[in-house]
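Asker: Protein chains in written order, with the numbering used here: chain A, 12 to 557; chain L, 12 to 557.
Just so you know, not all the hints are guaranteed correct.
Identical copies carry no separate label here, and so any pair may be met within one copy or between two of them.
As the list claims (entries may be wrong) - When the alpha-carbon atoms are kept at most 30 Å apart in a straight line, the in silico DSSO-like pairs for lysine-lysine are as follows:
1) K472 <-> K498
2) K554 <-> K310
3) K341 <-> K218
4) K310 <-> K341
Please keep in mind that the hints were generated in silico from the structure rather than gathered at the bench.
Protein chains: 2
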Amino acid sequence: MAAAPTIGEYLLDKLYAAGVAHVFGVPGDYVLKFYDQIVKSPIQHVGTTREDTAAFAADGYARCRGLGALAVTYGVGALNVVNAVAGAHAESSPVVVISGAPGVREQREDPLIHHRFGPFTFQREIFDRITCATAVLDDPPIAFRQIDRVLAAAQHHRRPVYLELPRDVVDVAGYPMPGEAPVASSSDPAALDEAVLETVSLLESSKAPALIAGVEIHRSGLQDTLVQLVDHLRLPIAATLSGKSVIGERHPAYLGVYEGAMGPQAARERIEAADLLLLLGVALNDVDLGVYTAQLDPKHMVRASQGEVMIRHHRYPRVRLRDFVPLLIKKCGPQGRSRPAGIPGPTAAGFPKTGEPMQIGRLIGRLNEGLTPDMVVVCDVGDCLFAAVELRVHERTEFLASAFYTTMGFGMPAALGAAVARPDRRPLVLVGDGAFQMTGTELSTLARIGSNAIVIVFNNKGYSTERFILDGPFNDIAPWRFHAIGKLFGDIAGYEAATEDAFEDAWRRALATRDRPSLIEVHLSPSDPSPAMKRLAQNLREKVEG
Amino acid sequence: MAAAPTIGEYLLDKLYAAGVAHVFGVPGDYVLKFYDQIVKSPIQHVGTTREDTAAFAADGYARCRGLGALAVTYGVGALNVVNAVAGAHAESSPVVVISGAPGVREQREDPLIHHRFGPFTFQREIFDRITCATAVLDDPPIAFRQIDRVLAAAQHHRRPVYLELPRDVVDVAGYPMPGEAPVASSSDPAALDEAVLETVSLLESSKAPALIAGVEIHRSGLQDTLVQLVDHLRLPIAATLSGKSVIGERHPAYLGVYEGAMGPQAARERIEAADLLLLLGVALNDVDLGVYTAQLDPKHMVRASQGEVMIRHHRYPRVRLRDFVPLLIKKCGPQGRSRPAGIPGPTAAGFPKTGEPMQIGRLIGRLNEGLTPDMVVVCDVGDCLFAAVELRVHERTEFLASAFYTTMGFGMPAALGAAVARPDRRPLVLVGDGAFQMTGTELSTLARIGSNAIVIVFNNKGYSTERFILDGPFNDIAPWRFHAIGKLFGDIAGYEAATEDAFEDAWRRALATRDRPSLIEVHLSPSDPSPAMKRLAQNLREKVEG
Numbered sequence: 012m013a014a015a016p017t018i019g020e021y022l023l024d025k026l027y028a029a030g031v032a033h034v035f036g037v038p039g040d041y042v043l044k045f046y047d048q049i050v051k052s053p054i055q056h057v058g059t060t061r062e063d064t065a066a067f068a069a070d071g072y073a074r075c076r077g078l079g080a081l082a083v084t085y086g087v088g089a090l091n092v093v094n095a096v097a098g099a100h101a102e103s104s105p106v107v108v109i110s111g112a113p114g115v116r117e118q119r120e121d122p123l124i125h126h127r128f129g130p131f132t133f134q135r136e137i138f139d140r141i142t143c144a145t146a147v148l149d150d151p152p153i154a155f156r157q158i159d160r161v162l163a164a165a166q167h168h169r170r171p172v173y174l175e176l177p178r179d180v181v182d183v184a185g186y187p188m189p190g191e192a193p194v195a196s197s198s199d200p201a202a203l204d205e206a207v208l209e210t211v212s213l214l215e216s217s218k219a220p221a222l223i224a225g226v227e228i229h230r231s232g233l234q235d236t237l238v239q240l241v242d243h244l245r246l247p248i249a250a251t252l253s254g255k256s257v258i259g260e261r262h263p264a265y266l267g268v269y270e271g272a273m274g275p276q277a278a279r280e281r282i283e284a285a286d287l288l289l290l291l292g293v294a295l296n297d298v299d300l301g302v303y304t305a306q307l308d309p310k311h312m313v314r315a316s317q318g319e320v321m322i323r324h325h326r327y328p329r330v331r332l333r334d335f336v337p338l339l340i341k342k343c344g345p346q347g348r349s350r351p352a353g354i355p356g357p358t359a360a361g362f363p364k365t366g367e368p369m370q371i372g373r374l375i376g377r378l379n380e381g382l383t384p385d386m387v388v389v390c391d392v393g394d395c396l397f398a399a400v401e402l403r404v405h406e407r408t409e410f411l412a413s414a415f416y417t418t419m420g421f422g423m424p425a426a427l428g429a430a431v432a433r434p435d436r437r438p439l440v441l442v443g444d445g446a447f448q449m450t451g452t453e454l455s456t457l458a459r460i461g462s463n464a465i466v467i468v469f470n471n472k473g474y475s476t477e478r479f480i481l482d483g484p485f486n487d488i489a490p491w492r493f494h495a496i497g498k499l500f501g502d503i504a505g506y507e508a509a510t511e512d513a514f515e516d517a518w519r520r521a522l523a524t525r526d527r528p529s530l531i532e533v534h535l536s537p538s539d540p541s542p543a544m545k546r547l548a549q550n551l552r553e554k555v556e557g
Numbered sequence: 012m013a014a015a016p017t018i019g020e021y022l023l024d025k026l027y028a029a030g031v032a033h034v035f036g037v038p039g040d041y042v043l044k045f046y047d048q049i050v051k052s053p054i055q056h057v058g059t060t061r062e063d064t065a066a067f068a069a070d071g072y073a074r075c076r077g078l079g080a081l082a083v084t085y086g087v088g089a090l091n092v093v094n095a096v097a098g099a100h101a102e103s104s105p106v107v108v109i110s111g112a113p114g115v116r117e118q119r120e121d122p123l124i125h126h127r128f129g130p131f132t133f134q135r136e137i138f139d140r141i142t143c144a145t146a147v148l149d150d151p152p153i154a155f156r157q158i159d160r161v162l163a164a165a166q167h168h169r170r171p172v173y174l175e176l177p178r179d180v181v182d183v184a185g186y187p188m189p190g191e192a193p194v195a196s197s198s199d200p201a202a203l204d205e206a207v208l209e210t211v212s213l214l215e216s217s218k219a220p221a222l223i224a225g226v227e228i229h230r231s232g233l234q235d236t237l238v239q240l241v242d243h244l245r246l247p248i249a250a251t252l253s254g255k256s257v258i259g260e261r262h263p264a265y266l267g268v269y270e271g272a273m274g275p276q277a278a279r280e281r282i283e284a285a286d287l288l289l290l291l292g293v294a295l296n297d298v299d300l301g302v303y304t305a306q307l308d309p310k311h312m313v314r315a316s317q318g319e320v321m322i323r324h325h326r327y328p329r330v331r332l333r334d335f336v337p338l339l340i341k342k343c344g345p346q347g348r349s350r351p352a353g354i355p356g357p358t359a360a361g362f363p364k365t366g367e368p369m370q371i372g373r374l375i376g377r378l379n380e381g382l383t384p385d386m387v388v389v390c391d392v393g394d395c396l397f398a399a400v401e402l403r404v405h406e407r408t409e410f411l412a413s414a415f416y417t418t419m420g421f422g423m424p425a426a427l428g429a430a431v432a433r434p435d436r437r438p439l440v441l442v443g444d445g446a447f448q449m450t451g452t453e454l455s456t457l458a459r460i461g462s463n464a465i466v467i468v469f470n471n472k473g474y475s476t477e478r479f480i481l482d483g484p485f486n487d488i489a490p491w492r493f494h495a496i497g498k499l500f501g502d503i504a505g506y507e508a509a510t511e512d513a514f515e516d517a518w519r520r521a522l523a524t525r526d527r528p529s530l531i532e533v534h535l536s537p538s539d540p541s542p543a544m545k546r547l548a549q550n551l552r553e554k555v556e557g
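The shape of chain A in the complex, shown without the other chains (with noise of 0.2 Å):
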């Protein structure tokens, strides 16, 4: 019999197993053991300018692959990771988090020692408000079993975890324990059946059905089995902008991101003049409905997610996503709809005006033709997040934002994160000026791995959200010249753009670059917002000013 792996090898060994093949973080004592641990690993370890950046990174991760981790030492470290985790959290991406800690013996005196900043037990505190399972590995004989179930809940519940492992427990032998790790929930079945009975009759008897898919399709691995659905019902529909992206945008069936008034009008005249519409793995959170401005009326909808059914106002609790869209399918027979049509997303025509200044409507017009099917969009907050509501990726999964908890700063990272996790695909980065400047240190480490990634700073000098909603000097920031990044950050070409002839040949040239990542600076007047900006700013400006 093979002795026990120690429990620092053990974690690594489930996590590789699970899909994760890197493990993002900054070195510090605490955790330099299980570093260690991580180099004569089959993982590899990808080091970060930052630890909140190694959290964005390991959520990008996580979004492409499954699951993504993190480790990190004691106190500055995770501390550091607070609010990029809280976002992966609001965003169901599950990360693991592994914080390094003092040894269980050096903790038994209650020293004052480096990196401490309360009593021991405060850091796990912090972590179970953002995370849906933690544990202190602080002794051996249960560990291998805490780790399960931690793991286990990070792969249910697509949410955060968060293990602290002490430096002096890391190289101590586990004990094997018999028995699975509690497992998942299960739909009930009567209500799962009547469920759907109901809403194939609702089906049926409907004129003009919609669907809107969300960000739980994609988290519920649902993707193919959205696709069949759309194609058997002859549905046609649309995502919400926190789910851009779970179908692929070239389905001859999609019309676009739906967000209320601050969407594209085409998209919203479809879907809220539907008889029936199909919500599957929405959230009603502020940003998807638009602040607010979604019209869709309760007495036309079925909504499933988050392990219920919603058919007008009654509802059916135990019934999960995962059951309810099969199960919709088989019992759906065909329908006698012809086949809807979607919605191509906007181009740019007669692209490039030579001398013609850049505006943001005509870029996102002309990435449009330009996005090829290699390349994943990671997409920062801010308007080139509203803008990017009219992109439309080749395939699914390849859009990544924050858009609900919406932190400034996640695209960068995160494109990091997606280079790792798929070195088949090609980032395109899109950031605006003020989240460049919080985490865009990232780009430096894209260099470093040599990737392909394209970055488009939309610069418009300043907070522009902000600037619609209540302007003031605040909204100034530091003017940095973006496309002279190379200089400082290591080896990335950098161009500047102000017109479209510009930009046009700084993008062919950056297509045609491969062996290192790529900058386009374009300028932007702050008062040319996109126009779903505008009327984000109009309705957010109306809540601050009460």
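For this one, chain A is given, so just place chain L on it according to the hints.
Answerer: What follows is chain L alone, placed relative to chain A:
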């Protein structure tokens, strides 16, 4: 009778009255209305590139002016400052965290709104663990009283506090209330007398007494009193690393920093040979004790800190440092001892030697000669901190560092805080290459405000402290061309120094540049650690290896 101010205005008035003339932070929609009130107040807003750097800047500001403040938005803003605020808590720096929040009316329906990550109570619960007082200002009639109580706690405990400001409360009028805010603790007069008398008697029978001063001297505002004590009792004095610069380091009786085997040998010998050791405001943490290499015999010790006095093995509770030190001066008669001789800091003889590669010891020696009386040294974590033990600043409170919590990335943003707090001072920033990658973006803010800061980047190519504990590829970082930073960040003079003559030239140019920041990238060999780091790493390695 004048109308009562609004809750936001009252908070700003109270901050301004407490000496806070600047608030750091990044705007966001939940805090925008408060930002508008800042603009209309006598307080200036200082925008930073990120939120955590706003908190570090407020910490640096608090160390210079007694209180600092930052204002951020809900969730994405506040959760980004958790590490920096925990650091201020660990190091007793009073920082007021003001977080915007969704309106009280908005929260009622428990909606899914952007920047939300869990129940609305969770954010405050997180800050309860890293501050000494918190309040959610969701009930206007009591808001003024809550503000009074929380600000009084920050000033009394010298720790961070947290105020959550729902956006629909900001401009609601508050209700003045009678009475003072809860008052400071006081000493037990009998215990104070007895502790002082016993100390006087020990001092009178001692042949070679010495004093170690810690950071609590600064936090209690006792620097002048300390100098009186040292002069009156003719005591040689050392400082802890976290207390470095509580006394002007050119005082004739100053020995240097004491930190066991990690500190300079000459100071160590004088301190460990003392037959009576007065420890004033010293916390017995691992860093200050040189990772427990300090050899301090309790039977020769009198220690006053954190509200009590400990003499040998008995304890006088409820004796405050700020009562103990003045009474000690009063009760001690003139001492027969001759004035003690201090120990000067090292210099760099014959600097610059043309073509001689830069070495860390010679760099510190050169800086010791070059420090001017108007400089405040702000030091990041890593070998620059260990090397800086040997620096001698001119006046007190002119050395700022995260010496106990040791959070990387403290230096650049804390220098911004110091630059704003003390425009009469010139920041000299010592920072490693790894730490600069974390928060060096604040150099662009220093450029934006026209600071004359001088930044010295100790480029030893990776995380050197960790390298000496346990090396691996994870200690490598992306190579940046730090000296080229002006190309990206704005108007900054950049220099590169591999040799002593190149450094000398850059240093002289930087000194002469008064209208913008200068950065000198010093190339150091990864195998040239400071002597302190070599000793520290040896000790930490033993801890990691268990």
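Asker: Determine for every hint whether it applies to the structure shown.
Answerer: Now the hints, each set against the structure:
no., hint, result
1, K472 <-> K498, "both (21 Å within a copy, 18 Å between copies)"
2, K554 <-> K310, "within (28 Å within a copy, 65 Å between copies)"
3, K341 <-> K218, "within (21 Å within a copy, 95 Å between copies)"
4, K310 <-> K341, "within (25 Å within a copy, 83 Å between copies)"
Violated hints for the displayed structure: none, as all numbered hints are satisfied.
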